[in-house]
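There are 2 protein chains.
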Amino acid sequence: MSDLNPLFRPKSVALIGASSDPKKYGYWTAKGLIDSKFTGDLYFISRTAAADILGKKPYASISDVPGPVDMAIVGISPKYILPVIQECADKGVKALVVVATGFGETGPEGKELEKKIVAIAQKAGMRIQGPNCMGIFSSPVHLNASTIDLADGPMGLVLQSGNFGIDINFNAKTRGIGYSAWASIGNQMDLRFADFVEYMGQDDATRVVMMYMEGLRVASVDDGRNFLHNARLATLKKPLSAIKIGRSQAGARAAASHTGSLAGSEKIFDAALNQAGVVRVETPQELLDVGEAFARCKKPKGNRIAILTDGGGHGVMATDMAEPLGLDAFVLSEETQKKLRAILMPHCPIKNPVDLAGTPEHDMWVFDRCAEVLLADPEVDGLVIAGLYGGYCDFSEEFRQMEMDVAKSLVERANNSDKPVLMHSMYYAQQPESLTYIRKHGFPVYGSIDSAMRAMGALVGFNSRQEKIKEELAATPPQLPEDRKSKVDAIFKTVRSQNRINLVETEAREVLRAYGFDLPNHLLATSPDEAAKLFTEMGADKVVMKIVSPDILHKTDAGGVILHVDSTAKAREAYNQLIANGRAYKADADVFGVMLTPMLPGGIECIIGSSYDSTFGPSVMFGLGGIFVEVLKDVSFRVAPVNTPEAGRMIREIKGYPMLTGVRGQSGANVPALEEGVSRLSYMVAELSSDVAEVDLNPVFATENGIEIVDARIVLHPTENK
Amino acid sequence: MSDLNPLFRPKSVALIGASSDPKKYGYWTAKGLIDSKFTGDLYFISRTAAADILGKKPYASISDVPGPVDMAIVGISPKYILPVIQECADKGVKALVVVATGFGETGPEGKELEKKIVAIAQKAGMRIQGPNCMGIFSSPVHLNASTIDLADGPMGLVLQSGNFGIDINFNAKTRGIGYSAWASIGNQMDLRFADFVEYMGQDDATRVVMMYMEGLRVASVDDGRNFLHNARLATLKKPLSAIKIGRSQAGARAAASHTGSLAGSEKIFDAALNQAGVVRVETPQELLDVGEAFARCKKPKGNRIAILTDGGGHGVMATDMAEPLGLDAFVLSEETQKKLRAILMPHCPIKNPVDLAGTPEHDMWVFDRCAEVLLADPEVDGLVIAGLYGGYCDFSEEFRQMEMDVAKSLVERANNSDKPVLMHSMYYAQQPESLTYIRKHGFPVYGSIDSAMRAMGALVGFNSRQEKIKEELAATPPQLPEDRKSKVDAIFKTVRSQNRINLVETEAREVLRAYGFDLPNHLLATSPDEAAKLFTEMGADKVVMKIVSPDILHKTDAGGVILHVDSTAKAREAYNQLIANGRAYKADADVFGVMLTPMLPGGIECIIGSSYDSTFGPSVMFGLGGIFVEVLKDVSFRVAPVNTPEAGRMIREIKGYPMLTGVRGQSGANVPALEEGVSRLSYMVAELSSDVAEVDLNPVFATENGIEIVDARIVLHPTENK
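Residue numbers (this note's numbering), protein chains in the order written: chain A, 1 to 722; chain B, 1001 to 1722.
Please keep in mind that the hints were generated in silico from the structure rather than gathered at the bench. Given the structure is predicted, the values throughout are model-derived calculations rather than measurements. By construction, the Cβ of each residue, glycine as well, lies at the ideal position given by its N, Cα and C atoms. Hints are supplied without guarantee of correctness; some may be wrong.
Within a straight-line C-alpha distance of at most 30 angstroms, the following computed DSBU-like cross-link-like pairs (lysine-lysine) qualify [claimed, not checked]:
#1 B:Lys-1339 to B:Lys-1351
#2 B:Lys-1633 to A:Lys-267
#3 A:Lys-655 to B:Lys-1115
#4 B:Lys-1267 to B:Lys-1470
#5 B:Lys-1091 to A:Lys-351
#6 B:Lys-1408 to A:Lys-24
#7 B:Lys-1111 to B:Lys-1091
#8 A:Lys-633 to B:Lys-1267
#9 B:Lys-1408 to A:Lys-23
#10 A:Lys-115 to B:Lys-1079
#11 A:Lys-633 to B:Lys-1633
#12 B:Lys-1440 to A:Lys-173
#13 B:Lys-1115 to A:Lys-351
#14 B:Lys-1655 to A:Lys-351
#15 A:Lys-655 to B:Lys-1655
#16 A:Lys-655 to B:Lys-1267
Below, a sample of chain B positions facing chain A; criterion: calculated Cβ distance under 7 angstroms [stated by the list, open to error]:
#17 Ser-1248
#18 Ala-1250
#19 Ala-1255
#20 Val-1316
#21 Met-1317
#22 Thr-1319
#23 Asp-1368
#24 Ser-1448
#25 Pro-1658
#26 Val-1663
Covered stretches of chain B, going by a simulated chain A footprint (3 or more residues, C-beta under 8 angstroms) [what the hints assert, rightly or not]:
#27 1272-1286
#28 1625-1633
Model the full assembly from the supplied sequences, consistent with the hints where possible.
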């Protein structure tokens, strides 16, 4: 049983702080609970009330309630709350919804109070939603413990802001769609997004999970990774969509002032949502656009859509919007065009969009006949009907009737098809009965074309998002050598024993080698003579020599790299030069020596890296070197680890990707080798996350044959994590 | 007097095809004309009606009308229309609105008919709107000759689709905003966008010009350039905004099927709108978002905006949206923060967004006091109020009254300020009286944050768009040599006399030189000996030698370029090699010889080019060479000519621009020299537009000192234009 069952499926509920004063929250909530006809036992608790509240006798304390209480809603001010929480714990209450405000959101004192509450709850095995929240709604048990007029329906919604709950609900009411489960989660002092996503993912009454997020509350990155994991599992059951605000720098600053949630990297958050299959949208309107389609529509097999319109301009506009949303408004087959031509007059365009161009004014059934042809076309994965449907009823009673009849037929067609159908209507706001019928019995109707198209775009990606997650969950890491941990631990121990966090390149190369990266041999010289000796030993035509010092991280800036060393004499000379340059750069630098490596023939410059995000922990990054990273910031991120197909998507999503396929007469790179490298590094940093803060393989030369790591930098956390 | 005054300000109007049958278009229009209380004389013409139509005696023919007729609405089917048009011409009607359908949109026959109609009209000096349109509306004379329920207001709207007219009007009605001038322009057989933009630009009743465009109808590029010119002049008077559909390839294909309008390059169209200061939007909703703000708001001095919110999440969302819209949600000054802190409780964030965080529930006047501080701050250019305003009235009668009082004060403040104020409210759809008051007497209120922010973004750019146009209209071209035309004409004459359209490089260089481009000397050798002699004559350490042949345009592919020629012997050798390579590439190539130029030291590779757009004629293009153009398609376009500041914007808007400022230790380029080059080429192609179809200066080396044109290609139109 989920920890959240007592919240969403309680058999008994107590409202602590119930009131008969219609100006008080304790009254509104009491009224909401009664009006929603909660299926279980309902108790009102009021320390002060003598008379009945809404016809119910109040109890002075929860301890006085005769039977067990699964869940309690707590509307008690911070000053008086601790004993009440203790009473709930003593009573054996399984879950609390603390709707009161004045806790962590007000400052350090409030945060301390939250800790005390959580301590009591944890001891008693009691879970808490809130504080500073707007309550909870659950349709299967007819529970509305919010002050908002929420209706039953197929949507799950978790919000970090009660106001957005109201905002979205206005819109949902207009659309005639409601909720299976709704929770305003406030300060998340105990239960967090991860918990609600887990519950709603499993809840059969919920067909889509929607979130409004300002940031995750994390005690450690485990919380972030737990959210990612739960969201992935939820996506395997049903679609997820989220608003996450704080995208811009100014927005992140504002979000920090608002909720105090420490923001990790926005790019990593975006990547995490993407990896979990969560469709990210920007506005409450878009959240419902997508959520309604997710809740009501079939999921298309592919991205080829047909557009059927009686407004030529609307059809073109829909077509325009297809491509950026990943939809293909393809040219219909000759066969389908032939069938359509048999239905439509010669002046009607039929390639896609199919433009009825005035014909419905004579015969509205053309909508239905064309929809039949389009839904039967095996090349068509989904259908968008756009334009004036819903407005014909204004012409005459005969038209009104016909519009209803056609609507019924369209609904039947859509319901019998395994393809999604969405409609846009100019007459949406007028709510004509034909559209109301379609929305209620068939498919979503939108008032703007971009809404309809965005929703179709979200539907189209669902199957591939699920596939990606299944593949990722089933993935086996690249083969990692058995003895890697002992090797790496020894290196980290040395580094930490010297009070360092920066690995020198020789150490970084050993760590990478321990994880199975194939790096060319390196040798460390500590005198000019040894440099000469090692040059010979190396047996390469040319070697690169680099200074090795934990105090000189930017070796090139310090004159710490010499290329093209091709003789013992030059090796000796280079050694002296590098040591001199190092001293000149930083007189007291601790110099370990000079490293020799065979000089590599070059390739396409890439960067593979990792940083440690405060929310999601180890991440992995890929980009092309040079101007691509420095000028164009053309890089991709993921939460680590990633399997090779996902690494492949990282590589392909950068704008400079064509460089790797070979352009301007240059040969391309071995992309599978790059994928393997990115994936391997991601597994490495995931496994070493308690030590490794940062990895920078830069440059990595990608060639036709494989990849060559030319320089490597690893930085540890100041102290080991956990 | 504008040609369109008889359309929008007629003293007398005739409806040809009036009807008393409520099912007919001729009835609806008649009713619209009567209901709108047209201020002038109104005549109904009906060949068949015996009885009065809506209380008015119909005339059998327009010739029967006793007085003069300024404008006639023609609802006569194509079969019978020609004699009617002739009658109108004979009657001295100044303008027609042909609302009937079945003309050019149906095929070649319809197009022929359009030509005949236009011929009659032109002969009589009569202008025509339509056909295949939904009529016209003009508030100053109370004319509603459309079948849509349009209301008075400050907006001008020109549409290529009547359906969008209905669509937008639904939305406008909800917003309580109407039109000064409205025209559905259909097939544009005579009057086109350019004419309507000109009229509405000058019309005092119109405060914003909005357009829905599928494409310009152009007989020649003069029409496209005329639109650009008129739109520029209109922007100097008031803001313009447009939807232009057909942005994607699939969309352009669909638009072609829909209106048959030949699409020029989408990129050039986008550039033209930008050059004319027209704010391009994507949806009918956005058009009104922006249009309403344009019609009702002051234009801000800069882009620094303050966000005042009582919904923390809404504030963050607004802040997030600022940056991509060119708005700066900056951190407010210490001084302003101090003033806000004196008003607000310690837990309220005041940096920007200013978050009232629950305080209005105790005292709604905080809205007004904070707005006062923010509007008085000289750093603040505009104010967005976002969140729950409009919803407080639900609490109590006292709150309802207070919400109205605060609304009145906010309106007064906004009206007394020279800064724009916009509001977002969650309660927009409920239309509470406070919001209705604000919208009617003060400033726009939007139902979604993105609408409000987008509108502010459009407002913010208006002044700079005007400045840009003023500067462009006042610009003097780069100094162009006096004798350029005679020199160039001679070259073109030679080229055309040889039935060529491709200039060889020596010719292209001469054309450029004639226009004042500073190119290094070139010499043409026609034998190995001459090559040797010219090498010496050139006096350069190294020269580049290239084959010169109108049949070998891709010289590099043909082995037609040899670099680093540094002796007479090598010059001789290179000559032979080039000729041999040329022959091997194309045996029958007409080879003019081999060109010698001094070899240049190199620089940052750029491309400056020009192509001839079917709508707007000569254009100019700028990009960086190599991967920037080939892989990243990172180029900018303009309709030619452009002044140097605009050329500067072209250069700065490419993503690779930082390359030109110097990155990775390389020195940057002389950007003013590049600007001069782009501008000079743009004036050259504008002046030579009847001959020149394409110019490709590729590569151009940009160095610290200036630019060096390394290769030049010019292609002429197959036949001279005009």
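Hint check results:
1. B:Lys-1339 to B:Lys-1351: holds, 12 angstroms
2. B:Lys-1633 to A:Lys-267: The hint holds at about 25 angstroms.
3. A:Lys-655 to B:Lys-1115: violated, 49 angstroms
4. B:Lys-1267 to B:Lys-1470: Roughly 23 angstroms separates the two Cα atoms, so the pair holds.
5. B:Lys-1091 to A:Lys-351: It is violated: about 45 angstroms lies between the C-alpha atoms, which goes past 30 angstroms.
6. B:Lys-1408 to A:Lys-24: holds, 29 angstroms
7. B:Lys-1111 to B:Lys-1091: Holds: Lys-1111 (chain B) and Lys-1091 (chain B) sit about 25 angstroms apart, inside 30 angstroms.
8. A:Lys-633 to B:Lys-1267: holds, 25 angstroms
9. B:Lys-1408 to A:Lys-23: Distance ~27 angstroms between Lys-1408 (chain B) and Lys-23 (chain A) Cα, so the pair holds.
10. A:Lys-115 to B:Lys-1079: violated, 85 angstroms
11. A:Lys-633 to B:Lys-1633: The given pair, whose Cα atoms are some 16 angstroms apart, holds under the 30 angstroms limit.
12. B:Lys-1440 to A:Lys-173: holds, 27 angstroms
13. B:Lys-1115 to A:Lys-351: holds, 29 angstroms
14. B:Lys-1655 to A:Lys-351: violated, 36 angstroms
15. A:Lys-655 to B:Lys-1655: holds, 12 angstroms
16. A:Lys-655 to B:Lys-1267: Holds, because 20 angstroms separates the two Cα atoms, which is no more than 30 angstroms.
17. Ser-1248: holds, 5 angstroms
18. Ala-1250: holds, 5 angstroms
19. Ala-1255: Holds, because the Cβ-Cβ distance from Ala-1255 (chain B) to chain A comes to roughly 5 angstroms (cut-off 7 angstroms).
20. Val-1316: Since the shortest Cβ distance to chain A is 4 angstroms, the answer is holds.
21. Met-1317: Holds - the Cβ of Met-1317 (chain B) comes within 7 angstroms of chain A, reaching about 5 angstroms at its closest.
22. Thr-1319: Result: holds, 4 angstroms to nearest chain A Cβ.
23. Asp-1368: Status violated, d = 21 angstroms.
24. Ser-1448: holds, 6 angstroms
25. Pro-1658: holds, 5 angstroms
26. Val-1663: holds, 6 angstroms
27. 1272-1286: holds (count 4)
28. 1625-1633: holds (count 5)
Violated hints, in rising order: 3, 5, 10, 14, 23; the structure is consistent with all others.
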